[in-house]
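Enquirer: First to last, the protein sequences are chains A and B. For what it's worth, numbering that gives the first Met the number 0 labels the leading residue of the first sequence as 0, then goes sequentially. For what it's worth, numbering that gives the first Met the number 0 labels the leading residue of the second sequence as 0, then goes sequentially.
Worth flagging that the hints you see were computed from the coordinates, not collected in a lab. There's no promise every hint is true.
[What the hints assert, rightly or not] Only pairs whose alpha carbons sit at most 35 Å apart, straight line, appear in this in silico DSBU-like list of lysine-lysine:
id : chain 1 : residue 1 : chain 2 : residue 2
1  : B       : K18       : A       : K116
2  : A       : K68       : B       : K29
3  : B       : K41       : A       : K124
4  : A       : K2        : A       : K134
5  : B       : K29       : B       : K41
6  : A       : K2        : B       : K18
7  : B       : K41       : A       : K40
8  : B       : K41       : A       : K68
9  : B       : K18       : A       : K40
10 : A       : K40       : A       : K134
[Unchecked claim] A short list of chain B residues far from chain A (calculated; beta carbon distances all over 10 Å):
id : residue
11 : Q10
12 : S16
13 : G22
14 : K29
15 : E37
16 : D44
17 : L45
18 : I49
19 : P80
20 : V81
21 : S82
We treat Cβ as the ideally placed atom computed from N, Cα and C, and that holds for glycine.
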Amino acid sequence: MDKRYEVTDSPLDPGRYIAMVTRPEAGAVATFTGHVREWTKGRRTLSLAYEAYVPMAERMLETIAEEVKVKWPEAEVAVGHRIGPLAISDIAVVVAVSTPHRHSSYEANSFIMERIKEDVPIWKKEIQEDGEWWKGEEAQ
Amino acid sequence: MVERGGSTMIQVLYFASMKEASGLASERIKWQGGTLGEVMEKVTDLHPSISWDGVRAALNEEFCSGAQEVEPGDTVAFIPPVSGG
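Start from the sequences, fold in the hints, and give me the full structure.
Expert: What follows is the structure, given as structure tokens:
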């Protein structure tokens with residue numbers, strides 16, 4: 000059985016998460032994939048490394064899916080987040096949301112990404128040309 | 000609270016910048032009971048170079064406040080500002 004809320008060091012296949020939320024009642028599946036970006040404000044990223052508190056991160060993803068169910072009762076959610084070393088353009092996160100109609104799938108998907116960035120214990124280390132640091136702690 | 004398995008230790012987990020500052024991913028600390036705030040004081044004594052800026056804590060995988068009681072057998076994780084996604 001596939002895990003609906005998953006933190007993994009394996010490459011992410013968006014199709015797996017789409018398949019987990021696809022069902023006859025759902026006319027819409029909104030899928031977000033977050034990728035490793037090379038250029039941020041003129042600084043070049045060489046690669047990224049993600050770390051997570053895996054059991055808590057997976058529980059938090061499930062909690063966020065429960066919040067989605069309160070706001071959008073007809074939504075079904077699957078989320079995968081990758082950890083470990085990633086290269087430019089690799090997929091770091093997949094969020095798939097199915098709903099009967101499209102508007103709520105977009106809204107719920109965006110809500111999930113915001114909540115991930117607030118509360119899910121996952122950390123990104125940027126390896127750039129001039130050094131490496133944990134995101135959120137770099138000198139701006 | 001029931002003391003789990005007669006343990007007299009807590010497990011403390013460090014991540015990201017805190018792991019680098021402490022030089023450890025985890026350690027066991029002798030614990031008779033007290034608040035999370037007291038755990039943080041103990042950790043500061045053990046690792047003076049740790050920065051607590053923006054750090055939250057989780058007790059047994061749930062976010063919690065400094066007033067929370069920590070029992071022997073518990074797991075405390077320190078959560079620096081997260082940056083997933």
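Enquirer: Against each hint, give a clear statement of whether it holds in the structure.
Expert: Results for each hint:
Of the supplied pair hints, the one linking K18 (chain B) and K116 (chain A) holds, its CA atoms being roughly 20 Å apart against a limit of 35 Å. Between K68 (chain A) and K29 (chain B), the direct Cα distance comes to roughly 41 Å. Violation of the 35 Å bound is thereby established for this hinted pair. This hinted pair checks out: K41 (chain B) and K124 (chain A) have alpha carbons roughly 27 Å apart, not beyond 35 Å. The suggested pairing of K2 (chain A) with K134 (chain A) holds, with an alpha-carbon distance near 27 Å, which does not exceed 35 Å.
For the hint linking K29 (chain B) to K41 (chain B), the alpha-carbon distance of about 10 Å falls within 35 Å, and the restraint holds. Taking the CA atoms of K2 (chain A) and K18 (chain B), the gap is near 28 Å; set against the 35 Å cutoff, the hint holds. For the hint pairing K41 (chain B) with K40 (chain A), the CA-to-CA distance comes to about 40 Å; that exceeds 35 Å, so the pair is violated. Of the pairs offered as hints, the one joining K41 (chain B) and K68 (chain A) is violated, with about 40 Å between alpha carbons and a cut-off of 35 Å exceeded.
Between K18 (chain B) and K40 (chain A), the direct Cα distance comes to roughly 28 Å. Compliance with the 35 Å bound is thereby established for this hinted pair. Restraint check: the Cα-Cα separation between K40 (chain A) and K134 (chain A) comes to about 14 Å, which is no more than 35 Å; the hinted pair holds. Listed as a non-interface residue, Q10 (chain B) keeps its Cβ farther than 10 Å from every Cβ of chain A; the least gap is roughly 12 Å. Not every Cβ of chain A is farther than 10 Å from the Cβ of S16 (chain B); the closest lies at roughly 5 Å, contradicting the non-interface assignment.
The claim that G22 (chain B) is not at the interface with chain A holds, since no C-beta of that chain comes within 10 Å of its own (minimum 15 Å). No Cβ of chain A comes within 10 Å of the Cβ of K29 (chain B); the nearest lies about 23 Å off, and the non-interface call holds. Even its closest Cβ contact with chain A, about 22 Å, leaves E37 (chain B) beyond 10 Å, as expected for a residue assigned away from the interface. Distance check for D44 (chain B) against chain A: the nearest CB is about 23 Å away, which clears 10 Å, and the non-interface claim stands.
With a least CB separation of 20 Å from chain A, L45 (chain B) remains clear of the 10 Å interface cut-off, as annotated. At the 10 Å boundary, the C-beta of I49 (chain B) stays outside the reach of chain A, the nearest C-beta of that chain being 13 Å off. At roughly 4 Å, the least C-beta separation between P80 (chain B) and chain A is not larger than 10 Å, which violates its mark as non-interface. Remark: the non-interface label on V81 (chain B) conflicts with the geometry, its nearest Cβ contact in chain A lying 6 Å away (cut-off 10 Å).
Chain A draws S82 (chain B) into its interface by the beta-carbon criterion, the shortest separation being 4 Å against a cut-off of 10 Å.
In summary, the numbered hints that this structure violates are 2, 7, 8, 12, 19, 20 and 21.
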